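Take a look at the letters that make up each chain.
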Amino acid sequence: GAVVSQHPSWVICKSGTSVKIECRSLDFQATTMFWYRQFPKQSLMLMATSNEGSKATYEQGVEKDKFLINHASLTLSTLTVTSAHPEDSSFYICSAKTGFRYGYTFGSGTRLTVV
Amino acid sequence: GESVGLHLPTLSVQEGDNSIINCAYSNSASDYFIWYKQESGKGPQFIIDIRSNMDKRQGQRVTVLLNKTVKHLSLQIAATQPGDSAVYFCAETDWGGATNKLIFGTGTLLAVQP
Chain A
36 GAVVSQHPSW
46 VICKSGTSVK
56 IECRSLDFQA
66 TTMFWYRQFP
76 KQSLMLMATS
86 NEGSKATYEQ
96 GVEKDKFLIN
106 HASLTLSTLT
116 VTSAHPEDSS
126 FYICSAKTGF
136 RYGYTFGSGT
146 RLTVV
Chain B
76 GESVGLHLPT
86 LSVQEGDNSI
96 INCAYSNSAS
106 DYFIWYKQES
116 GKGPQFIIDI
126 RSNMDKRQGQ
136 RVTVLLNKTV
146 KHLSLQIAAT
156 QPGDSAVYFC
166 AETDWGGATN
176 KLIFGTGTLL
186 AVQP
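As you go down the protein sequences, you meet chains A and B in turn.
Per this note's numbering, the first sequence starts with residue 36, numbered consecutively.
Per this note's numbering, the second sequence starts with residue 76, numbered consecutively.
Simulated from the structure, these hints should not be mistaken for laboratory data.
Keep in mind that this is a model prediction, so the values were computed, not measured.
Heads up, some of the hints might be wrong.
[Unchecked claim] Below, a list of computed lysine-lysine pairs in the BS3-like style, where the Cα atoms sit at most 27 Å apart: (1) K55(A) / K101(A); (2) K117(B) / K76(A); (3) K131(B) / K101(A).
[What the hints assert, rightly or not] Label-pair ranges, simulated between beta-carbon atoms: (4) V145(B) / L61(A): 37 to 43 Å; (5) Q133(B) / G88(A): 37 to 43 Å; (6) S103(B) / T92(A): 18 to 24 Å; (7) L83(B) / V150(A): 36 to 42 Å; (8) Q156(B) / L61(A): 29 to 35 Å; (9) G88(A) / R126(B): 28 to 34 Å; (10) I95(B) / T115(A): 40 to 46 Å.
[What the hints assert, rightly or not] Short, incomplete list of chain A residues facing chain B, as computed with Cβ under 10 Å: (11) M80; (12) F126; (13) S143.
Even for Gly, the Cβ is constructed at its ideal location relative to N, Cα and C.
Could you build the full structure based on these sequences and the hints that come with them?
Take a look at the structure:
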């Protein structure tokens with residue numbers, strides 16, 4: 036149980052375009068989801084906390100207008116990278132708080148490459 | 076954002092040896108801690124967790140130790156195998172708090188030599 040499906044697993048886009056990443060909880064309802072960003076050989080950096088039916092809470096230094104988060108249902112949260120630039124190329128990972136023993140379940144990540 | 080590491084420390088061990096990976100956490104209010112394993116190109120995989128009312132917890136081949144006095148966690152892997160090679164992260168959260176944000180440590184690359 037407690038599976039989080041994230042897609043796409045990888046995407047290549049041109050500079051200036053927008054990319055949407057989806058994160059779905061398959062067998063539980065996720066009131067809260069988290070979005071992380073990870074650069075090569077570095078740790079996961081929390082970008083924002085997504086709460087169903089309300090605005091996301093962004094961490095300091097994360098541009099809310101660039102990284103749009105929507106959590107319109109209890110099973111789906113989306114991250115849209117707007118006007119992408121090469122420096123936005125990274126590995127993006129979502130996580131849902133399950134409330135079960137394992138606490139948090141992670142998606143498999145999305146490798147974004149902006150060219 | 077929080078918890079950005081610039082370099083991954085590496086621990087190199089021989090197959091069959093025991094591994095000990097250490098982690099210092101930052102928030103005194105954190106009361107729930109989790110160790111994750113991450114393989115290249117994948118999301119973090121749960122290994123073991125521990126709550127702040129415990130100082131030791133054992134799983135299959137893994138043991139987590141928690142020292143709240145010095146805000147230190149360790150992960151012990153017994154009889155390390157080549158399949159254990161990955162990056163290991165500790166993570167902390169204030170489970171009963173308002174946000175339940177899960178914050179990751181810097182991470183350690185475990186390299187198992189056959």
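Going through the hints against the structure:
1. The hinted pair formed by K55(A) and K101(A) meets the criterion: a straight-line CA distance of about 12 Å does not exceed 27 Å.
2. A distance of roughly 13 Å separates the Cα atoms of K117(B) and K76(A); the hinted pair therefore holds under the 27 Å criterion.
3. Annotation: proposed proximity of K131(B) to K101(A) is violated, straight-line Cα distance about 42 Å (limit 27 Å).
4. V145(B) and L61(A) have their C-beta atoms about 40 Å apart, which keeps the hinted 37 to 43 Å range intact.
5. Distance hint for Q133(B) and G88(A): a CB-CB separation of about 40 Å, consistent with the stated range 37 to 43 Å.
6. A hinted range of 18 to 24 Å for the beta carbons of S103(B) and T92(A) is consistent with their spacing of about 22 Å.
7. In this structure the hint that L83(B) and V150(A) lie 36 to 42 Å apart at CB is violated, the actual value being about 27 Å.
8. A C-beta distance of roughly 30 Å is found between Q156(B) and L61(A), which places it inside the suggested range of 29 to 35 Å.
9. In this structure the supplied range 28 to 34 Å holds for G88(A) paired with R126(B), their Cβ-Cβ distance being about 29 Å.
10. At roughly 42 Å, the beta carbons of I95(B) and T115(A) sit within the given window of 40 to 46 Å.
11. Hint on M80(A) holds. Least Cβ distance to chain B is approximately 4 Å, under the 10 Å limit.
12. Interface restraint check for F126(A): the shortest CB-CB distance to chain B comes to about 8 Å, inside 10 Å, so the restraint holds.
13. With 10 Å as the threshold, the beta carbon of S143(A) comes within range of chain B, its nearest partner Cβ sitting at about 5 Å, so the hint holds.
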